[in-house]
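Trainee: Residue numbering for the sequence shown follows the working numbering, starting at 1 and increasing by one per position.
Wrong hints could be hidden among the right ones.
What follows is a set of in silico ranges between Cβ atoms, one per label pair, in the way DEER data are often shown [claimed, not checked]:
hint, residue 1, residue 2, range
1, Thr77, Asn129, 15 to 25 Å
2, Pro86, Arg251, 22 to 32 Å
3, Gly72, His346, 31 to 41 Å
4, Thr77, Ala321, 12 to 22 Å
Below, in silico cross-link-like pairs of lysine-lysine (PhoX-like), each with a Cα-Cα straight-line distance of 25 Å or less [claimed, not checked]:
hint, residue 1, residue 2
5, Lys229, Lys280
6, Lys239, Lys101
7, Lys239, Lys229
8, Lys280, Lys101
The set of hints was computed from the structure by calculation and includes no laboratory data.
If you're wondering where the values come from, they're calculated on a predicted model, not measured in any experiment.
Ideal Cβ placement from N, Cα and C applies to all residues, glycine included.
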Amino acid sequence: MSAWTATDPGGAATGPTLSRVVADSSVVVCCGSGGVGKTTTAALVAMEAARLGRRAVVVTIDPARRLADALGLQGLTNDPSPIDGPWGEGGAMSALMLDTKGTFDGLVRRYSTDPDQAERILENSFYRNISGALSGTQEYMASEKLYELAVEGDFDLVVVDTPPTRNALDFLDAPQRLAHFLDHRLYKVLLSPSKGIGRAVNVATQAVMRQIAKVVGAEVISDALAFFKAFEGMEQGFKERAEEVDRLLRRESTAFVLVASPKADTVAEAGFFADELARKRIAVRGLIVNRTQPSFGVALDVDGVDEPGPAAPRVALGAAAVRARAETLDGTALGDHYRCLAESLHLAQGEAEHLAGLAERVAPAPVVKVPVQPFEVSDLASLQALARLVFADSGGGGRQD
C-alpha cells in the first residue's frame, strides 16, 4: 500500500496520520458513496481505537448481515453489542445498527411531560408512519444516536457509518433543519390547539383539508392533528437537543474521514463532499481509497500521485518500459509475466489519473490507498488483515494480532 503523508529524510512521519486521527478524536464520521467499503472502514477505525486501548463503538446504518458475521455476531441491534478481540489494555469495541424508529421512540419518551403523553404519541397512527419513513428522519436519528453514545455513553470514540454522500449531507444538516422547523410559524400554528388549528383553519383552509382528506383519507388528517396536539410541550426539548447535536458535529474532536474507490465517479463524489464540508468550514481529517490497483513499485507518470516513500523505494522502470519489455520477450513465459504487469500498471495509471488532485483538495489530511485484496471480508481475521494495511502508519504492518 502507499500512504501520502509528509515524511522527514529519515522516513519518520511528520505530517498527520490516520492512526493519529483515531487516537485523538472522540467522534469519527465516515462519509462517501455507496459501495466503496464505508461500513467496513468504519469498523476498522473502531478496531484500531480498541487496539490502542480506547473504548470504541461503531454505528452502522447498513442492515446487511455481512458486517455482523465478520464481527462474529448473530446480528446487530440498536444497542451496543460487545465484540471480543485482541484489543489493547483497557480497549474495547462494540457495534450497533441504527434503528430509526426505536431511536425516535426513545426521544419521545425522553421529552414527554408524562408517560401518558408518550403513549398517546407512540400509539398514534400518523407517528407510526412517519417515525421510520419520513424524509430526513433516518439522517436525524443517526445524528441523535451519535450524540447519545458520544455524550451519554461510556465510550472514548464513536465511529459513524453515514448514508451515501448526498444523504450524508442531510445527516449534517438534519439537526439545524429540525431546529428551524420547530421555530417555523406553520409548525406553531399546527401545534397550538387554542390559537392555532381552531382559529387558523378558516373556511378556505377547511375546504383544502377536505380535498386532502379525499386523497389520503380523513383518518390520516385526524391522526396528524391528534399527533401535533399530543406533541405540544415537547418541542423545546427536541430543539435544544438538535442544537447540541449540531455543536457536537462541529467540534474539533469530531473528525470526518472520506472513503472512496479509485473509480472516476466515486472520486468525483469524494471531491464534491470535500468541497461541501469546506463550505461548512469543516476540515476533512483523512481520505481512504479502497480497492486500488497495486503498482508493484513501478513509478506512475502522474505528478503528485503515488509518490515513493522512504520505506518503499520505486523501481526505476516506467510503465511504458514494462510494456516494451513484454514485447521484446514476446512468446516466452517471462514475456507473459511482463505483459500481465503492463496490464496491471495500465489500470493503476488510470486510477492514479482519477485520484490526481483529490489529495490536494483534502490536504493536509493523510491519504491512504488500500490495494484490492484476494479475499472477502468474512470474519474478524480478514478485518484484522485489512486493518494492518489501513493503519500501517502506526506500525500495524508488522504487528501480530
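Trainee: Give a verdict on every hint.
Mentor: For each hint, the structure was consulted:
| no. | hint | result |
| --- | --- | --- |
| 1 | Thr77 <-> Asn129: 15 to 25 Å | 23 Å, holds |
| 2 | Pro86 <-> Arg251: 22 to 32 Å | 30 Å, holds |
| 3 | Gly72 <-> His346: 31 to 41 Å | 39 Å, holds |
| 4 | Thr77 <-> Ala321: 12 to 22 Å | 56 Å, violated |
| 5 | Lys229 <-> Lys280 | 36 Å, violated |
| 6 | Lys239 <-> Lys101 | 19 Å, holds |
| 7 | Lys239 <-> Lys229 | 17 Å, holds |
| 8 | Lys280 <-> Lys101 | 29 Å, violated |
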